[in-house]
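Enquirer: On the provided structure of chain A, position chains B, C and D as indicated by the hints.
4 protein chains.
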Amino acid sequence: MYSFKNDYSEGAHPKILNTLLQSNMTQEEGYGYDTHTQNAICKIKNLIGNQNIDIHLISGGTQTNLVAIGAFLRPYEACICVHTGHIAVHETGAIEYTGHKVITVDSNDGKINAKKIQEVLDHHIDEHAVKPKLVYISNPTELGTIYTKEELKNLSEFCNSNNLILYADGARLGSAICVKEANLTLSDMCKFTDAFFIGGTKNGALLGEALIIKNENLKEDFRYHIKQKGALLAKGRLLGIQFEELFRDNLYFELANHANEMANILTKGLKEANCKFLINSPTNQIFPILNNKIIKKLQEKFSFYIWEKVDDKNSAVRLVTSWSTPKEVVLEFINEFKKI
Amino acid sequence: MYSFKNDYSEGAHPKILNTLLQSNMTQEEGYGYDTHTQNAICKIKNLIGNQNIDIHLISGGTQTNLVAIGAFLRPYEACICVHTGHIAVHETGAIEYTGHKVITVDSNDGKINAKKIQEVLDHHIDEHAVKPKLVYISNPTELGTIYTKEELKNLSEFCNSNNLILYADGARLGSAICVKEANLTLSDMCKFTDAFFIGGTKNGALLGEALIIKNENLKEDFRYHIKQKGALLAKGRLLGIQFEELFRDNLYFELANHANEMANILTKGLKEANCKFLINSPTNQIFPILNNKIIKKLQEKFSFYIWEKVDDKNSAVRLVTSWSTPKEVVLEFINEFKKI
Amino acid sequence: MYSFKNDYSEGAHPKILNTLLQSNMTQEEGYGYDTHTQNAICKIKNLIGNQNIDIHLISGGTQTNLVAIGAFLRPYEACICVHTGHIAVHETGAIEYTGHKVITVDSNDGKINAKKIQEVLDHHIDEHAVKPKLVYISNPTELGTIYTKEELKNLSEFCNSNNLILYADGARLGSAICVKEANLTLSDMCKFTDAFFIGGTKNGALLGEALIIKNENLKEDFRYHIKQKGALLAKGRLLGIQFEELFRDNLYFELANHANEMANILTKGLKEANCKFLINSPTNQIFPILNNKIIKKLQEKFSFYIWEKVDDKNSAVRLVTSWSTPKEVVLEFINEFKKI
Amino acid sequence: MYSFKNDYSEGAHPKILNTLLQSNMTQEEGYGYDTHTQNAICKIKNLIGNQNIDIHLISGGTQTNLVAIGAFLRPYEACICVHTGHIAVHETGAIEYTGHKVITVDSNDGKINAKKIQEVLDHHIDEHAVKPKLVYISNPTELGTIYTKEELKNLSEFCNSNNLILYADGARLGSAICVKEANLTLSDMCKFTDAFFIGGTKNGALLGEALIIKNENLKEDFRYHIKQKGALLAKGRLLGIQFEELFRDNLYFELANHANEMANILTKGLKEANCKFLINSPTNQIFPILNNKIIKKLQEKFSFYIWEKVDDKNSAVRLVTSWSTPKEVVLEFINEFKKI
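Residue numbers (this note's numbering), protein chains in the order written: chain A, 2 to 341; chain B, 2 to 341; chain C, 2 to 341; chain D, 2 to 341.
Next comes chain A alone, as it looks inside the complex (with noise of 0.2 Å):
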């Protein structure tokens, strides 16, 4: 039975597991100083065409939010999100841990604008209630939208402007970056946020998200923060080892678009058959609405999560595609749902 779960029911890409092995014997330094990790974060550097930023890799997204989010904020401070946010819902409170509210705002869309933010910081006036000082997005979002250009560079205006971090949590940037509609790269978001990370575990990797600081006033310190969550790793050539194969020759990408294209095909096909979705998603994450009945037939063959009841007799599921996903499976997929 073929898993559209998620994207990280594989192990990793197998340019990466050949590093591992070729490098295996060959001593090397510890936390994040092997040759493999300075590979890899002056690929990234060069990709994103500036050489003014620290990059730290780190086990996991919400190891990443974390350590991020708890080293960015004085103890007073809050972030604002979507309430569909992966810190506010999908985190077990792990940024609370850190001492921190979540302020949400409610979206359709799993967007946040400059109008929500503002409504939120008139708000926050005294001392009598938290300061919002961070704005997290999530590109692509929870489900699945994604920032354009345009968007992201109007949110960094007006975060600047109200001298908010703007901190973009990229699981699945790849994702969002392959979208031509989207008209990003690497660069913009380097440009428009304080900070991001490049999502490797939803990508290909073994494990391993890529942070990047580009606010000077953020860099000081990160690696006792790092170490003081526990997420500095002994054998840090491991998270080296990930970024330096999807960063060597464009794989990151080529193994997100291969996702969003079999996301593409899927949407089209579920749609050619006149199936509705929650939301358009030109990610690898989508949400088609089926009958409850049909859900069960799939779930025979196909493994993969409702998402919410839609009424008694339709509910949105959740499918995702990954770097993995074979074109066959996603046409068995649409051939069984047209057969149903």
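Each hint should be verified, as a subset may be incorrect.
All copies of an identical chain are treated as equivalent in the list; a pair is satisfied when it fits inside any one copy or across any two copies.
[To be verified] Below, simulated DMTMM-like cross-link-like pairs (lysine to aspartate or glutamate); rule was C-alpha separation at most 20 Å, straight line:
(1) K310 - E120
(2) K310 - D222
(3) K340 - E262
(4) K298 - E262
(5) K132 - D222
(6) K328 - E152
(7) K117 - E309
(8) K134 - E221
(9) K220 - E78
(10) K132 - E273
(11) K302 - E30
(12) K44 - D189
(13) K328 - E151
(14) K116 - E309
(15) K310 - D127
These are calculated hints, taken from the structure and not from any lab test.
Expert: What follows is chains B, C and D alone, placed relative to chain A:
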């Protein structure tokens, strides 16, 4: 200019000051082991009719909330409260600073109920989200509304059957209990909650809240929590004297009753003059909706806060009466309003 | 039975109670914006001779320490203090609860110096250990000893040149300043530290410590920290009145001076009777070494704490005098000792 | 140049890499519900001979320590460990960041015993100090020394009778167990502690420590703690595979045994050449005392850390062998030393 801004503008009831004076040069044990604190605890236990409760006197409301909630929850457990809850908006993230998420549910009247809580439980089902464990209510609420005995009983049963702690912020508890329609006593508060506090600061004390812990599981080593959060006063006698006097001869309820009466007279007077209200409040905070020009005029003679904009021409204001509000001033306010 | 257990067994100096009474029914702003607090701040600034400092009134010593240190440090930064430091042993891990390590160095006399600090710095050199950032001293120390002006100046210079914050706990500061040999003024305390507090609780106030922040970098948004830790009293007037009176007409130093004098008389009287001391203390805490049988005898008429066992037959005890200790009682203690 | 700096300079044992490759494209459940993790847990339970334990796989040692200790303690409870303990000096205050004090006791050999613990208990008796609750040991210690079965049994009995949790950091546990004189098995470790971890990172894995929780009271909701601290890897298979292989066919102990043997050869060789040692270590970290000139000479061919200055002419160095240290290199080092 008389202030209706809050119920803590004056000092303390003269009886409290008198006892401060009388007892001043007597040596007492520190840290709450003085005779006044022991007396106060004894009086409150008798009034509640339960000798098997723990009582701790703490300086203020935010401090009591953070010490109690921080003590009651394990690191990954969270509170549930209405979106206007004091811990959610007016405590500068004090609860989050102790590491715990505050999950909010929408509410028109400042009150929570089983249905709203159930929805939260339904969305927090595994270790990827926090575990909702404590229901925070305030009685009266931030909007001056109250829980009746019946409502509290229902909440209590729901919490019990869902293994949730029910905790009540009673910063203005006297005012809630003095509303006859509530049909509620201190004993009921104790019966239907796991822990709650009786507010002194807003009902005639210089400072002080009396935290009652009934649930056996929540009692252990509680003084360690108080000390660790800096809330254990060396001269605990100061807190002891406040509650010793408030609970000698029924003073606490006399004061709360006076505050309610003054608010009721205001409400009645304004209603007679066709004033609308944002919400029906039987306690000492009321929220009349006034024309902005009238507000300006009234503010020449009285100070009070504008609560929220209602439309382009009108705003709701908050008028707070207290144990010390003179009846003449209340009548003067009504007259002034009628004149305008 | 008279208690020499501590300096907070009585209420407050009568002048403070008198002002409480006189001002009781005047309406005041809440949260430290009352006229008394503003007056107190003004008086202290004038006395120190520096208008460019921030002053915050906070209930107690542990609370002041945790709010201040929690505010001053970034998450991975640590305090250094002697192993007998109040934050190290008598605050229930309050500093650690704010997330910061307290590094201790051994000390015989309760005092720290540059050499001891340098050793700590030498062992904390990279991100695998915390970053020592704040030096905590108390003046007088837990052993009643004091820092002279010269010693403080040296510490200050060392801290400045090593980018360390120097913070002084002044729970009994009056007592230290009233020792003539110290040659130290409030202005010096301000000059040589980044922040310090002037203790009220142990020198005639009902409660309250006045935190002085001189270092510009430590001032920002400080009221947010106070509120978040539950330390912002609604009736700030209560704190304001304490310090308004203590710093009107030199009362603060008169009281501290009295406490010192009473301790000096005790010391002199006991020494005349050949009593040895654990340490030489010129302030209001003294540590005579007494035969255990004599201790038992004395405890029939006076209460005091046994500090530590010296040998099988003798123990050091702690005798604390205060602003309110009567001279007759002191003489009585000496006589009793001589008699035995 | 060969490095004796640590035991994590190479990648992983080839068998682990091989399984990574073989299983790479098989879809697995995320977050530790994969078949490899389940296999690994099963193997470890069988080896320990206790099915009633909980096992969690976590990336690294600091992370395991902070998740475990943060989960096991209530806010005011503290750890006790020796002054050289890893959590006390080399984890950047990670434990304090979770809010808990680390109380240290002096020790010459890196080991703690009942007497030292009792002294701490004697000084922590009420709510003005933290409550010591957890004894942290590491086996082997930071100085390479080990606890024998008898010593562990005694510690265990003392902790049990004093209601203390005994927790063992086993970052190099294999090395301790492979010392025959210790007479210690994994089953003993489980029998005599409440919780401990089996280190993978320093014994042939890419990353990963296996935390064993035996004490029922410490098990509840543990995955919430892991997730909240960002330690729940999406591709848990990566951790699963490490321990599946290490505990298939006794590999874990073979590797540890090799590391010990290499260290023993080094020790023997150096002693034959009249080298003194800082401490007797039977495990894979040894601490010879060398003349500073000899150190410089040796560092031309081998890299290793200087541990501490012994006198003006000599220093103790740390040599660490590992699962992958070639015997030839060890012999070469001895020869080089003898030559010089």
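Enquirer: Would you mind marking each hint as holding or not holding in the structure?
Expert: Against the structure, the hints:
1. For the homomeric pair K310 and E120, the shortest alpha-carbon distance between copies (14 Å) is at most 20 Å, but the shortest distance inside one copy (30 Å) is not.
2. In this assembly of identical chains, the alpha carbons of K310 and D222 never lie at most 20 Å apart, being 46 Å within a copy and 28 Å across copies at closest.
3. Proximity of K340 to E262 under the C-alpha cut-off of 20 Å is found in neither arrangement, the shortest distances being 23 Å within a copy and 65 Å between copies.
4. Proximity of K298 and E262 under a CA criterion of 20 Å is satisfied in neither setting, with 25 Å inside one chain copy and 60 Å between copies.
5. Only between protomers do K132 and D222 lie at most 20 Å apart by alpha-carbon distance; the minimum there is 10 Å, versus 23 Å within a single protomer.
6. Proximity of K328 and E152 under a CA criterion of 20 Å is satisfied in neither setting, with 32 Å inside one chain copy and 57 Å between copies.
7. Proximity of K117 to E309 under the C-alpha cut-off of 20 Å is restricted to the inter-copy arrangement: shortest distance 18 Å between copies versus 25 Å within a copy.
8. Within a single copy, K134 and E221 get their C-alpha atoms as close as 18 Å, and across copies as close as 14 Å, so both meet the 20 Å cut-off.
9. With identical chains, the CA atoms of K220 and E78 are at most 20 Å apart both within one copy (18 Å) and between copies (15 Å).
10. In this assembly of identical chains, K132 and E273 lie within 20 Å of each other by CA distance neither inside one copy nor across copies; the values are 49 Å within and 42 Å between.
11. In this assembly of identical chains, the alpha carbons of K302 and E30 lie at most 20 Å apart only when taken from different copies (16 Å versus 47 Å within one copy).
12. In this assembly of identical chains, K44 and D189 lie within 20 Å of each other by CA distance solely inside one copy; the values are 16 Å within and 49 Å between copies.
13. Proximity of K328 and E151 under a CA criterion of 20 Å is satisfied in neither setting, with 33 Å inside one chain copy and 61 Å between copies.
14. In the homo-oligomer, the alpha carbons of K116 and E309 lie at most 20 Å apart only across protomers (19 Å), although the nearest pairing inside one protomer, at 28 Å, exceeds that limit.
15. Only between protomers do K310 and D127 lie at most 20 Å apart by alpha-carbon distance; the minimum there is 19 Å, versus 41 Å within a single protomer.
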